[in-house]
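Here's the letter readout for the chains.
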Amino acid sequence: MSVVEGTARPAPIPVEIGRARGGPPRSKVLRRDLWWLQPLAIALGLAAFVGYGVWTAFRGDYYFAGAHAHYLSPFYSPCFVRSCPTDVVWGPAGSIGSVSPALLVLIFPMGFRVTCYYYRKTYYRSFWASPPACAVADAGSTKPGGARSRYSGETRFPLILQNIHRYFWYVAVLFAGILTWDAIDAFRFGPNGWGLGLGTIFFVVNAGLIWAYTLGCHACRHLCGGGLKRFSQAPVRFAIWRKVVSPLNAHHQLFAWLSLFWIAWTDFYVYLVSSGAIHDPRLF
Amino acid sequence: MASVDYERHDYDVLVIGAGGAGMRAAIESLEQGCRTALVCKSLFGKAHTVMAEGGMAAALGNVWPEDNWQVHFRDTMRGGKMLNNWRMAQLHAQEAPDRVLELEAWGALFDRTPDGRILQRDFGGHRYARLAHVGDRTGLELIRTTQQRAVGLGIDVYMELKIVRLLKNDSGEVIGAVGFYRDKGNFVVFSAKSIVLATGGVGKSWKFTSNSWESTGDGHALALWAGADAIEMECVQFHPTGMIWPTSARGLLVTEGVRGDGGVLKNSEGERFMFNYISPYFKDETAETIEEGDKWYEDKVNYRRPPELLPRDEVARAINSEVKAGRGSPHGGVFLDIASRRSPEYIKRRLPSMYHQFKQLADVDITAVPMEIGPTCHYIMGGIRVDADTEETAVAGLFAAGEVAGGMHGANRLGGNSLSDLLVFGRRAGLAAAERAKASSVETTLSEAQIKEVIDHATSFFANEGGENPYDLHHELQETMQNLVGIIRTESELIEAKEKLAELGERAKKVTATGGREFNPGWHLALDLESMLAVANCTTLSAIERKESRGGHTRDDYPKADPELEKVNMVSRYREGNYSVTPEPKPEMPPELMALIELSEGEGKSAPAKEESK
Amino acid sequence: MSAVSTGELLMKLWRGDASGGDFVEYRLPAQEGEVVLDVVHRIQATEAPDLAVRWNCKAGKCGSCSAEINGQPRLMCMTRMSTLPIDEPITISPMRTFPVIRDLVTDVSYNYEVAKLIPSFTPGPRPAEGYRMFQVDVERGQEFRKCIECFLCQNVCHVIRDHEENKAHYAGPRFLARLAELEMHPLDTLDRRAYIAERMGLGYCNITKCCTEVCPEGIHITDNAIIPLKERVVDQRYDPVAWLGRKIRGRPRPMTPADVEPYTGAAAKAARAGQAEAS
Ligand SMILES: Cc1cc2nc3c(=O)[nH]c(=O)nc-3n(C[C@H](O)[C@H](O)[C@H](O)COP(=O)(O)OP(=O)(O)OC[C@H]3O[C@@H](n4cnc5c(N)ncnc54)[C@H](O)[C@@H]3O)c2cc1C
Ligand code: SF4
Ligand code: SF4
Ligand code: FES
Ligand code: FES
Chain A
1 MSVVEGTARP APIPVEIGRA RGGPPRSKVL RRDLWWLQPL AIALGLAAFV GYGVWTAFRG
61 DYYFAGAHAH YLSPFYSPCF VRSCPTDVVW GPAGSIGSVS PALLVLIFPM GFRVTCYYYR
121 KTYYRSFWAS PPACAVADAG STKPGGARSR YSGETRFPLI LQNIHRYFWY VAVLFAGILT
181 WDAIDAFRFG PNGWGLGLGT IFFVVNAGLI WAYTLGCHAC RHLCGGGLKR FSQAPVRFAI
241 WRKVVSPLNA HHQLFAWLSL FWIAWTDFYV YLVSSGAIHD PRLF
Chain B
1 MASVDYERHD YDVLVIGAGG AGMRAAIESL EQGCRTALVC KSLFGKAHTV MAEGGMAAAL
61 GNVWPEDNWQ VHFRDTMRGG KMLNNWRMAQ LHAQEAPDRV LELEAWGALF DRTPDGRILQ
121 RDFGGHRYAR LAHVGDRTGL ELIRTTQQRA VGLGIDVYME LKIVRLLKND SGEVIGAVGF
181 YRDKGNFVVF SAKSIVLATG GVGKSWKFTS NSWESTGDGH ALALWAGADA IEMECVQFHP
241 TGMIWPTSAR GLLVTEGVRG DGGVLKNSEG ERFMFNYISP YFKDETAETI EEGDKWYEDK
301 VNYRRPPELL PRDEVARAIN SEVKAGRGSP HGGVFLDIAS RRSPEYIKRR LPSMYHQFKQ
361 LADVDITAVP MEIGPTCHYI MGGIRVDADT EETAVAGLFA AGEVAGGMHG ANRLGGNSLS
421 DLLVFGRRAG LAAAERAKAS SVETTLSEAQ IKEVIDHATS FFANEGGENP YDLHHELQET
481 MQNLVGIIRT ESELIEAKEK LAELGERAKK VTATGGREFN PGWHLALDLE SMLAVANCTT
541 LSAIERKESR GGHTRDDYPK ADPELEKVNM VSRYREGNYS VTPEPKPEMP PELMALIELS
601 EGEGKSAPAK EESK
Chain C
1 MSAVSTGELL MKLWRGDASG GDFVEYRLPA QEGEVVLDVV HRIQATEAPD LAVRWNCKAG
61 KCGSCSAEIN GQPRLMCMTR MSTLPIDEPI TISPMRTFPV IRDLVTDVSY NYEVAKLIPS
121 FTPGPRPAEG YRMFQVDVER GQEFRKCIEC FLCQNVCHVI RDHEENKAHY AGPRFLARLA
181 ELEMHPLDTL DRRAYIAERM GLGYCNITKC CTEVCPEGIH ITDNAIIPLK ERVVDQRYDP
241 VAWLGRKIRG RPRPMTPADV EPYTGAAAKA ARAGQAEAS
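Chains as they are written, first to last, in the working numbering: chain A, 1 to 284; chain B, 1 to 614; chain C, 1 to 279.
This list has only true hints and no planted wrong ones.
Calculated pairs, DSS-like style, for lysine-lysine (alpha carbon to alpha carbon, straight line, at most 27 Å): (1) C:K146 to A:K121; (2) A:K243 to C:K146; (3) C:K146 to B:K348; (4) C:K269 to B:K184; (5) A:K229 to C:K146; (6) C:K116 to C:K269; (7) A:K28 to C:K12; (8) B:K359 to B:K348; (9) C:K116 to B:K184; (10) A:K243 to B:K348; (11) B:K324 to B:K266.
These are calculated hints, taken from the structure and not from any lab test. Computed from a prediction, not measured in an experiment: that's the story for all the values here.
Model the full structure from these sequences, guided by the hints.
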C-alpha cells in the first residue's frame, strides 16, 4: 500500500557473498548458558494466554456480574450484540446477531498486540525461531536451499502489514478509554448505588495497566514527539515525549506482560463472581 | 634483478596515519582537488585519537566571553615551560576555534550551552573553561566526524597497512613509501609528490602507558631515517592518573575530569598531599588551604583552584615523591578519592565511562571507594621538527602533523591542546602538501632496487633461524625505558639505558618471525621494534643532553630549570646508522607576543557569562 | 571435554583460515585481574607468536577486539576472566558473520562498503552568528555517536549472519543507527526515508533486538534508532492520513532514493574518477 511512487530495484551493496567464515559450523551453538529458556518460557506464557482467551471468548456467558456490580469483562467490552446486558450495551443494541460479543471486539486489541513491536519480537523469537536467541542460528537457516534458507523479514506480504500498527494504536486509545469507562462503571453497585468492591480495584488496575501499555507504544512515542527533528521548537510535545511516553516505552515489555496477565485475571474474576463461584467482597 | 611482487599506487598526496591529524590533512588535500590516499595501521576509524576523553581546547569564548587566542597562547606557552615553538602556539590558539566550528558543520554533536552554543569545560592549566567536549568521548567524536566527512568526499583508504620505509629520489625529495597489508602480508608501494606523516605517539616503548597498540613511533622513525630532524624527544608526558590495579589495566587513563569534578589525591596516611607541592611558578593561581580549594568548585571567580588541578608534570612528580617516601597505596600509587566527596548519582552522571571502566575492569565501585592511581606514559611533546606554517620537515615533500610533530607543546602539553593541534596543523599540512603536489613537477619514478631492499629487509625476520622471540625483546625494551628513562631521570641511569638500547638494537635485528605473512603479529612486532628503538634512542640521548628539569623532563641530578636551556632545541638525527643529539638555538619570540606571556594575574577575570548546563 | 585443574586456564582458540581450521587448546596458569585479551596475549607471547588477533586500545574504546567468547559476541578487552566459568574450557572464536582472514581476525570490509553508501550529513547554510542547537536537540544523536564500530551488532544480526545473501541489500544495525542519527540531526536537510527503506533494507530487521543485547556501548539500537526509523518510513509510505496532509498543506514531495544518492561517498568517488578521466 505504498503511497509513494517506488523506484527501480536498488543496486546491491558491493560485497562478495559466500566466502569462508571462521569458527565451527553455524549449526553448532557455542553458547553455554540456558539460552533456550527464555524463548520457551515466553512461548508457554503466550500459549497459555491464547488458550485462556479462546476459552473465554467462545464462552459467551458469565462476562457481566451485573447482579452484584457493574463488572463487565474486558474481553467483552464494548458490548455490541443483541445478547448484551442492557446495563452495558453500546450503540444501537440488538443490531448485530448473537455471536459471542468478545469475538467482535477482540480483533482490535488482538491486532494491536500482534503488530506491537514488542510482541513481534517475542513471537519471531519463540515461535518462528528467527532467531531463537542471539548468536543462535535461525531455524532452518543452516540447511542450504531449504524452505527457510531465505529470509525477507518484514519486507514482503504478509509481514509488511506490520506497518499498520499505528492504526491499531488509534483504536487502542479508544479501547483504553472504554476500559477506563468500565473501571468507573465498576464503582456502580445495584441500580443506582455506588461502592467499592475488590473487583473495582482490579478494574482500576486493569485500566491503568492498559494505559501504561498503550501510551508506551512505539507508534505513540513517534507521534507524540519522536518524529520531530528539533525538540527545542516544540517544548510541550518534547515534555510528553521525554517525561511520559519514553519512560513508559522503556518498560513496554513489562507493561505488555502485566496488562496481558491482568486482563485475563480481571476476566476470570468476573467469571467467578458472575457464575456465583465466589462472592466479591464489598469494601465500601 | 629478481622482480619482487607488490601492489602499486600513484597519488598526488599520501597521508600516513588516520588519527585526527591524518584525517584532517586528507580532507584538506581532497578538497584542494588532489588525488589523495589515506593509510593506517589498524582499521579505519580506530586510531588512537578515539581514546581522547576530555575535550579540545579552543578559545571560542562561549562560556567565558573574555577568553581569546591571546590568553590561550599564553596558557600554552606557560604550560610548555616556554620551550614551545612560539609560532605554532600562536597559530594553534588563533585557528583552533575555526577548526572546532568546522567540525560542527560536518555533523559533530558537542555538548551545548543553555543558549545553544558549544559548551566548554575546565581543564588543568587553562585559565578559562575552554574545552569543547562530548561527555568523556571527545576524541571519538573527532574521529567519527572527520572519518564520515572523508568517506563522504570519496577518499581512498588503505587500512591495516603499515608503512615501513619512505623512498626518496636523488635530489633528496620524498617521492614514495613502501608498506604491507597486515592482513594478507603482501607489499604495497605508493608514489606521491607529497607525503604527510600523522602517525601519532610513542607510548608503547614504556611499560605503563595509556597509549594504544599503534603508538610505536613509526612516523618519528620513518622521518628520522629519511633524514628529518626530531626535537625535544626527551619531553615525554606522564599523565598523573593512570590505573595501576589490576595489573592488566595498568596504565589505562583516569581522566582529568575526575579531579575537575571534585576528586582529590590522598596518600596512605589520608593526607591531601598536593598542598605540599605547589611550585612558586603557580603559587599565585593556586589555593593555599583545603577550605579555599574546596570553595573553588562552587565559586570559580573568587577562589583559586585546588593544587590537584596543577599541570600534569607537577602532579605526576608529586605522586612520584609520595610513593618514594613510602606513603603510597598497596599497589604502588596513591589514592584518587571522589567517593567521599560527591554523591554516587553525581559521579555516575558526570563520569559515566570512568565509572564503567573501574566497574568492568577492576570490579571497583568508584562511588564507594577511592581509586588507586599512578603516573602513566601518555604523550610525547617532542617530535619531528617542522616549519610552523606549512608543517614541512627538513626533507622536501615530507610533512608532519599531530603528535608525531614537535614544537607545539614545548616541554609539557596542556590537556585538550592535542585534539585542537591535530585539526589546526593537520589542515595546514594537508594544504601545504596539496599545494606542493600541484606546483611540483617532480618525477615520482621509484627505484626498483630501493623497493627490493626494503622488502627484503622486512621479510628477513622470517629467515632469522633460531632468533629471539620479538615479544621478549619488546618486554625488555619496555622495562628499560620504564625503569631508566621514566618520570625522574639521572645521568647514570640514562647512560645505562643508552648501553642497554645499543644491545637491544643488535638483538632486534636477529629476532625471528615464525609462521606465514598473513596477519602475523609476531612479524609485525619485529618491525615495530625498529621504530620503538629509534624513539627510545632519541629520547635517551636527548634526556642525557638536557641537563635541567623542565616540564615533562625531570632530572634528579639537575632539579632546576636552566634559563640558557630554554633557548635551545635538542635536535635528534639519524646519520649512517647512528642516532645523535645536538642542542641548537630555537626560534625567538617577537616582543609583542612576549608581552602577552607576562600578562599579569587576575586580569580579565570576571563571572562566567553562562552557567554550565551539565 | 578435558579437565581443568584449579589455578589453571584451559583456552580453546579457533585457529585457521579460509581453508579451514579448528579449536586449539592452550593451558596456562590463571592470573588475577585479567581480561580475555590479556590471556590471548599471553598465549601469543609464549606459545603462539603468530596467533592472529585484532586489537588496539585495550580500553573498550576502539572496537577492534570483537570475537565470540563461549559463543557470545563480546569485546575481548572488556570481558574479565573472573566473569567467565573458568573451571571449564573457555572457547574463543572469530565473529561468524564476516569472512575469516586468520584465527580470530575477520574481514569486516562489508561494513566499510555500507558506510560509503550512507548519504552524508548535509546541513543548511550557516547563519552569520553560527549554528545553534540545544542540548535536548543533540542528545538523541549523541547516543548513537557513542558507537565504537565494533560491529558486534552487525555480527549478531541474524538478517546477515544466517542469511548472507542479504548483505547485498541490508545495511545492518550499526548503519541503521547512523542513519537514524542523521535523520534526527537538527541541522541536516536531507530526507533519507525512502532510501533507508529501499536501499538500506530497513524492513529486513524484525526487531528481535540482538543488536541491542550485544552492544558494548549500551546503545538502544532497536528502540531508539530502528523502530523510530520504521515509524518515519510509515509516515512517508504507509500512512494515507499523513500523505493526505502533505498534499493539502503542499509539503514538498519526499525525497526519493535517487535524490539522496548523490550525497554518498560512493557517488563522490565515482564523480572524482569521472573527472580524472575527463581531464
Ligand atoms: C587516553 C588518552 C586520552 C587523551 N585525552 C586527550 C584529550 O582529552 N584532549 C586532547 O587534546 N588530547 C588527548 N589525548 C592525546 C591525543 O589523543 C593524541 O595526542 C592524539 O590523538 C594523537 O593523534 P594523531 O592524529 O597524531 O595520531 P593517532 O590518533 O595516534 O593516529 C595515528 C595513526 O597513524 C597510523 N599509523 C601509525 N604508524 C603507521 C605506519 N607505520 N603506517 C601506516 N599508518 C601508521 C595509525 O594507524 C593511526 O591511524 C589523549 C591521549 C590518550 C592516550
Ligand atoms: S533488531 Fe533488527 S537489526 Fe537488530 S539484530 Fe535484530 S534483526 Fe538485526
Ligand atoms: S552500535 Fe554498538 S554494537 Fe554496533 S558497532 Fe556500534 S558500538 Fe558496536
Ligand atoms: S503497542 Fe507495543 S509498540 Fe505499539
Ligand atoms: S582493543 Fe579497543 S575495544 Fe578492545
